[in-house]
Amino acid sequence: MRILRLFIFVLVLFILQTVVLSRLFVFGAHFDVLLVFVICWGLMNGAPEGLAAGILTGLLADASTASTFFFSGIYGAAGYLCGILRSGVFRDDNVVIFGMVLAVTFITRLAEAFSLMQFSGRDVPSFIAAAFLSSLLNILLVPLIMISMEKINKDG
Amino acid sequence: MRRNSGNNLLKAAVAAAALLIFFNLPIVRSAAPAKWAGSIVSAAVYPVQFAAYKTVTVTGHIAGSFISLRKAQKENEKLRARLIEEIALKGPFTSIIDENRALRKLLNFKRSNPAYSTAVAAEVIARSSSSWFEVIEIDKGTADGVYPNKAVINENGLIGKVIEAGKRSSMVRLISDPGSSISVTFKRTGDTGSASGLGVDKLKVKYIHSSAAIRMLDEAVTSGASGTYPRGIPVGRVSDIGKKDYDLFQQLIIDTAVDLTKLDKVLVLR
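From first to last, the protein sequence lines stand for chains A and B.
With the working numbering as the guide, the letters of the first sequence map in order to residues 4 to 159.
With the working numbering as the guide, the letters of the second sequence map in order to residues 19 to 288.
The following block holds chain A by itself, in its conformation from the complex (with noise of 0.2 Å):
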């Protein structure tokens, strides 16, 4: 049960995302649902679940962007280094929460802005500031997101 509600809120954040969300321009940065997502999944429910909801998550942003195992191949890793990060660092402190999707959002975006250079031999201009301000608006989803995922790991 727990399983197929966290596939229907995958599905619901990632319409959210393509329909709403990826059309608010913010000085040409715009939030990102999905990743907020996976980084709080990884942090909430440990490392192999996180690679999961990562890897899940990801193929759905691939398709929505015409990759190939481009965005499960990041977000898998980000949702497992997140899991990690909590079994060995932090306790249950959800404070914490809102500095690592800061922080991860903003090591994520610079990830995959090297890779896209290094591998694809693409220019992505001014990356470093984008990934900073696509940080910033991702805070702001951190509440929507913990508590719609609270009630998802409620009762198994």
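None of these hints come from the bench; they were simulated from the model.
The hints are all genuine.
For the chain B half of the interface with chain A, some residues (derived, Cβ under 8 Å), not all of them:
| # | residue |
| --- | --- |
| 1 | A144 |
| 2 | V153 |
| 3 | E182 |
| 4 | M189 |
| 5 | S214 |
| 6 | G217 |
Cβ-Cβ distance ranges computed for the label pairs, FRET-style:
| # | chain 1 | residue 1 | chain 2 | residue 2 | range |
| --- | --- | --- | --- | --- | --- |
| 7 | A | P51 | B | S83 | 44 to 50 Å |
| 8 | A | V15 | B | N174 | 29 to 35 Å |
| 9 | B | S199 | A | A106 | 31 to 37 Å |
| 10 | B | T75 | A | F28 | 15 to 21 Å |
| 11 | A | V29 | B | T73 | 20 to 26 Å |
Just some of the chain A residues that point at chain B, by a computed CB distance under 7 Å:
| # | residue |
| --- | --- |
| 12 | I18 |
| 13 | V22 |
| 14 | V23 |
| 15 | R26 |
| 16 | L37 |
| 17 | A69 |
| 18 | D126 |
Backbone N, C-alpha and C fix where the C-beta goes; we use that ideal spot for every residue, glycine too.
Use these hints to put chain B onto chain A, whose structure you have.
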């Protein structure tokens, strides 16, 4: 405990690096199963996405009506009752009138250009989830005669080209995507260069000789050299000129002719 954390971090970093490298290997990216997986996900999600887009559009129009109603209430209390009556009567039609106006504009444009008479009109239903990729999804596919590498325009100019076509929907890479490249000609001087995306609404033009007398606001149009884009479609206007004495070429920035952040209705050329 600290040592464990360090080991875990190292493991995570190695795993992340391995995943990144593996998924970006050209052989994995171009593998047929990888492409099929993408197409299946895209086809499965399209109906829900389309329904969500329609819901959001209608909700947006309703929300817009309510916002204008509140403003009117503050501005003129005396007209309040009349406004409510008017909006209640005309509100639902506002969205239809707006849509009609946009479609009429597109239709007139199509009629006035015989070359575009066979173009397919489409609606933008979604946008890529990542800001690194400037990709949109439209509600027309192979069933409507939309195929990869077809140019996508609107009445203001060039938007991009179809990169993937499903049966009922297609993905369009915008000209502002850093991965896109188009051959452009400056109308006034006739100089030709290569324009690639710089993210939202900006393009960088390369290979324009430093002696070329390009001025601010000069118009760039498609050159027709690549074969994908017909000749003469407006691309944008020069907004920045970077010229150095010792450089062979000058660096030009152009603002796109179309506001790519607010795309709604487009034409796919056939």
